[in-house]
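Protein chains in written order, with my numbering: chain P, 34 to 321; chain Y, 34 to 321; chain B, 34 to 321; chain R, 34 to 321.
Each statement offered as a hint is correct.
One copy or two, it doesn't matter: identical chains are merged, so the pair holds either way.
Below, in silico cross-link-like pairs of lysine-lysine (BS3-like), each with a Cα-Cα straight-line distance of 30 Å or less:
no.: 1; residue 1: Lys125; residue 2: Lys316
no.: 2; residue 1: Lys289; residue 2: Lys316
no.: 3; residue 1: Lys133; residue 2: Lys289
No lab work stands behind these hints, which were simulated from the structure alone.
These numbers were taken from a predicted model, which means no experiment stands behind them.
Protein chains: 4
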Amino acid sequence: MTGGSRRTARLLIACPDARGIVAAVAGFVAEHGGNLLESDQHTDPEHDEFFMRLEFELEGCDLDRGNFAGAWSPLADRFGMSWQVRWSEDVKRMAILVGKQAHCLQDLLWRWEAGELRAQIPAIISNHATLQPVAEAAGVPFHTCPLEPQREVAQEEQVRSILEQADVDFIVLARYMQILGPTLLDGYENRIINIHHSFLPAFSGGEPYRRAYDRGVKIIGATSHYVTADLDAGPIIAQSVVAVSHRDAVDDLRRKGRDLERIVLARAVRAHLEDKILVSQNKTVMFD
Amino acid sequence: MTGGSRRTARLLIACPDARGIVAAVAGFVAEHGGNLLESDQHTDPEHDEFFMRLEFELEGCDLDRGNFAGAWSPLADRFGMSWQVRWSEDVKRMAILVGKQAHCLQDLLWRWEAGELRAQIPAIISNHATLQPVAEAAGVPFHTCPLEPQREVAQEEQVRSILEQADVDFIVLARYMQILGPTLLDGYENRIINIHHSFLPAFSGGEPYRRAYDRGVKIIGATSHYVTADLDAGPIIAQSVVAVSHRDAVDDLRRKGRDLERIVLARAVRAHLEDKILVSQNKTVMFD
Amino acid sequence: MTGGSRRTARLLIACPDARGIVAAVAGFVAEHGGNLLESDQHTDPEHDEFFMRLEFELEGCDLDRGNFAGAWSPLADRFGMSWQVRWSEDVKRMAILVGKQAHCLQDLLWRWEAGELRAQIPAIISNHATLQPVAEAAGVPFHTCPLEPQREVAQEEQVRSILEQADVDFIVLARYMQILGPTLLDGYENRIINIHHSFLPAFSGGEPYRRAYDRGVKIIGATSHYVTADLDAGPIIAQSVVAVSHRDAVDDLRRKGRDLERIVLARAVRAHLEDKILVSQNKTVMFD
Amino acid sequence: MTGGSRRTARLLIACPDARGIVAAVAGFVAEHGGNLLESDQHTDPEHDEFFMRLEFELEGCDLDRGNFAGAWSPLADRFGMSWQVRWSEDVKRMAILVGKQAHCLQDLLWRWEAGELRAQIPAIISNHATLQPVAEAAGVPFHTCPLEPQREVAQEEQVRSILEQADVDFIVLARYMQILGPTLLDGYENRIINIHHSFLPAFSGGEPYRRAYDRGVKIIGATSHYVTADLDAGPIIAQSVVAVSHRDAVDDLRRKGRDLERIVLARAVRAHLEDKILVSQNKTVMFD
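Please put together the full structure from these sequences, using the hints given.
Right, dumping it as structure tokens:
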């Protein structure tokens, strides 16, 4: 349950743990006439780090995009906070990068059309033309950036240029099947969401279903995570699993896994859109 | 993660939703020198009801058992709060009522001995002598209160008398298999936890595994709930399920169900011991 | 794992339990040169009923559509079997009935296009025109049969006529939201698959998510079952569940439930297409 | 559902895939008057290997311990089978090796006393005296074999000698926390069951809960497997998982994990006792 159609602001905070933070933050919102809709906090006892997410109604509140930083900074400075504020009228702009497999893209588009994902989708980008009809059926511009041998950097520059022209806030790799290099990663920290088709950290890298089959596991999984320079090692956002048995061939794992991938990726994208994820120590705090 | 070995107080609040509650409550704790360890809140949008649970450290705090109500009441009155405070040094006194089946009792006692359940257990009561050795092995006084036809009220009075002499805070029905009458229920509202061996509201009443088998369900469940005068209809605390198939006979359902019952009951007892449950509208708010 | 691209026959058997059935049946297949690919059996010990499903390769086998019944009948008669044989070259014809909600229909069509469901879909029928574009995008004929007050039988006759003209083998109610009367049920025993948006037998009938919310359950479910004259009481084919909490409003239950409904309905349709379901005593034997 | 109190034989078969195996095997049982209670088969399409498990009633059957091999060998030779037969009157002898943690041992003993595990337990062995009272309460001989630096082989010889004197059929490592060397492994292939407290292959080796916490996974697991010379890399028998969040400290993972460990280990032991596991290619075929 989030703010729905009400105008709200979301405030995300991370700082060293200290006494009185909640009182100070909630007091700040109350003094400015904000009605607190949600408030979650977490303290990481190992690193003495404090995390907080608030959502408050703007109706009757004297804070706005123009004056927020000025009003808030003294308090933020006192506690040494790193923070972000998001205004509900700013609908995030999401790019989707895909390969040849349709299921994750189709699923995201369905949910988007059904109103589950409050986002703008200015661009779908692929190294293949395969999914162009899917993008077009949803009315989303589709860009093909073919990958040629020894031309990886040039291709990433082409993708990057499209992302920048489309002014995207974050990127979803919906089975993109390419390892991103610094050309794409740079500046998008904690803003690129990948779906990996295994229960990480098991079977990171290529062919996870084949390797799960060969290892004889009794459960397979899927993992959504923020992308970092370390392959499949970024902060985990969501995971889910399904039972398998000796009767399942590799293709059965792939089929069962597709359902996992769709659900786990959608859960991560939705949490990101609702500003429910904080990252620290290569881990996520997920305020569900 | 709870207060651990630190001295803490837990404050549970329910009141009509209003602006500024979190700021006022967190401010109160901060003013009195309490260090907030956990804070959870929830607003029921259908009934405009606000719920909050706080845990704060007492080290350096000027609040104690003697002065808390006086200090807190003005704020509580202002928001029309119903509230409870619990001091971590008060270890709850839990009675366990059982029938002939050992698994839930044994499981609770294991967890208690392993330190998972921070409680005192002054009495185990049964209508049969079967489980006396289990109680004695754990060093807990065992009382047999046999149930004879037409003597239900007298038996409940006997049980009640033991409960009162043992000064128990709450009661766990660990497969007690008797419907409680007003003699036992009266005064223990939201303080009697039952484990029902089905996925409520399906198969409330007797023989749920047999009826689940006859209905041909593909999943069975267990439900822990607070006991009310309506059979199996009290506020649900926790539920869990397990897959079954046509190959499972009724006895297989019973066997698989025992594992569910143990885990679901333990989860409810632990949440109750940690004051993580608020009840409203015959439903629970569970601050995990 | 099923026969894949190989030409196979599937034999489904139910009969009173007796000695030597497996030997006789497997021997029959072997004598006629059939290569057994799969063989599952189950004995219901309460009703002494025996169930078996075989799939055998037709390459090198002297059995075919023309001579099977003659060759097989003596053995079937000896054990008092009821039986069915299905030839892999016969692709089942499936009609889909829908209301206004798209998710189950879209999911079935996507799986169908992706090759997960080996079926023909000659007709999609609805009492509303809402989903016509979805059907047309998939190239499937769409029929609107509006439901007017006091005209239920006439509408069912119209639907029935379309089903018969389309020569369908079975019907999928993909959130059709109408109770079927005898005009539609008659003759389609164990050939109409419904998805009910609750964990049956809990919350049969209308508004299950609202009622689950009001009851305060901690887990919600979805159930696919064959339709009988008793509302939501037919043989259960598949069920699945997902955890919910006090934070989930009714609309959150609906959103989470949609994912369950899609997966559970697809699992049932797939099992039906692969002839993996036997029905007895209002229950299913599911040979996964 | 297994043979229950009836006298039965169980036959486990592995051989190259071929036509007519089921017919031949079921025919053999029928010819000798055996009533087939269960029959499962599986073909590994990648390795063209066939697996079968049968259980048949001995009442009215002319096969027994004395004449079985002679009667069966011609058929077994024809198909190149490796096979084993088990007689239900032979109750398996199980040794349990433990460290200091009680939960898995207690759980196995409780299930054993409750009749869930049909076994004899002639010995519980530990490198510590901690759990001696638990063993004694169950009436099982307890042996302490302390592990001293540089004395690993001597300790394993001591353990081995106890196992041989106790004439055990298989060994359960119920959180034994020592890596077994060849002195113990030799001759016990597929007869030593371990419980590893992670979702293998993730977090094999030491401190899996700590490492799962550090990696920030959203689901933890437990895995039972047969022990081989490769650490945590033997054939997987059963796995289960539970959701965790950023709120769970390492000790919460340990607590939640204990429930998984108990259930997953018990499931593996039960399957082994019922001869439901076949091993091939370092994987298990589990005939549930």
